[in-house]
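Asks: Chain residues, written in single-letter form:
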Amino acid sequence: DVKVTQSSRYLVKRTGEKVFLECVQDMDHENMFWYRQDPGLGLRLIYFSYDVKMKEKGDIPEGYSVSREKKERFSLILESASTNQTSMYLCASLAGNTDTQYFGPGTRLTVL
Amino acid sequence: GESVGLHLPTLSVQEGDNSIINCAYSNSASDYFIWYKQESGKGPQFIIDIRSNMDKRQGQRVTVLLNKTVKHLSLQIAATQPGDSAVYFCAERGGFQKLVFGTGTRLLVSP
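Protein chains in written order, with this note's numbering: chain A, 1 to 112; chain B, 113 to 223.
No lab work stands behind these hints: they were computed from the structure. Just to be clear, a hint being listed does not mean it is correct.
Simulated coverage check for chain A against chain B, where a stretch passes if three residues somewhere in it have a Cβ under 8 Å from a Cβ of chain B [stated by the list, open to error]:
1. 15–28
2. 36–43
3. 78–86
Restraint ranges, calculated between C-beta atoms of paired labels, are given here [as the list claims (entries may be wrong)]:
4. 143(B) with 41(A): 16 to 26 Å
5. 144(B) with 26(A): 41 to 51 Å
6. 112(A) with 128(B): 24 to 34 Å
Please read these numbers as outputs of a predicted model, since none were measured by experiment. We put the CB at the ideal spot given by N, CA and C, even for glycine.
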């Protein structure tokens, strides 16, 4: 079975804090993605990675960075959290020879 | 730019009815489309996909129809059950391994 896990289901942080969101997949997938999901806006791509140490900006990368040191792990970093980064964050992975992205359960982040 | 939209934000049906969720897409060059189901508090779950060289694909109780002429995608759920209540997203492949998502339709199934 495909499995994507995220380190936290719920997270509350204060403005200005550095926040790490972790995502792990056990399917040996090359591609991994970070999205945020907001009401009325759907899923928007923040960053993605198609290989270890490789990263590409998505549609809304501002205020975020990522790290992919190992194939199975893709981290999203909020350098200095702001209230407008309160959102549901979803990680997904994709094998290089397929088309279907598999999602983790999501992390609901609240920035106070 | 590319965009994917849904015609109805909320669809209410009775248990046992067939449900049809619609989606319009704008990129005529898209070659792959996918439907996800998202239950409350969970991540999106793959339902069914279809490539642009097909116009229909069937799964278990679900059928996806693709009309490339009018750039329209639909998801049909047969004999809808309360467990089908969720938000449904369509998405199109918008570039290298990237998906462009619609905003979602909420399906409410009443007994």
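Asks: Under a C-beta cut-off of less than 8 Å, do 3 or more residues of the stretch 36–43 of chain A approach chain B closely enough to confirm the stated coverage?
Replies: Since three or more residues must qualify, the claim that chain B covers the stretch 36–43 of chain A holds, with 4 doing so at under 8 Å.
Asks: So the hint says 41 to 51 Å: do the beta-carbon atoms of residue 144(B) and residue 26(A) match that?
Replies: violated, 25 Å
Asks: Are there at least three residues in the stretch 78–86 of chain A whose beta carbon sits under 8 Å from a beta carbon of chain B?
Replies: With 0 residues closer than 8 Å to chain B, the stretch 78–86 of chain A misses the three-residue bar; violated.
Asks: Report holds or violated for chain B covering the stretch 15–28 of chain A, Cβ cut-off 8 Å, minimum 3 residues.
Replies: With 0 residues closer than 8 Å to chain B, the stretch 15–28 of chain A misses the three-residue bar; violated.
Asks: With respect to the beta-carbon atoms only, verify the hint that residue 112(A) and residue 128(B) lie 24 to 34 Å apart.
Replies: With a Cβ separation near 45 Å, residue 112(A) and residue 128(B) fall outside 24 to 34 Å, so the hint is violated.
Asks: Is 16 to 26 Å respected by the C-beta to C-beta distance linking residue 143(B) and residue 41(A)?
Replies: About 25 Å separates the Cβ atoms of residue 143(B) and residue 41(A), which means 16 to 26 Å holds.
Figure legend: structure checked against the earlier numbered hints; hints not met, in rising order: 1, 3, 5, 6.
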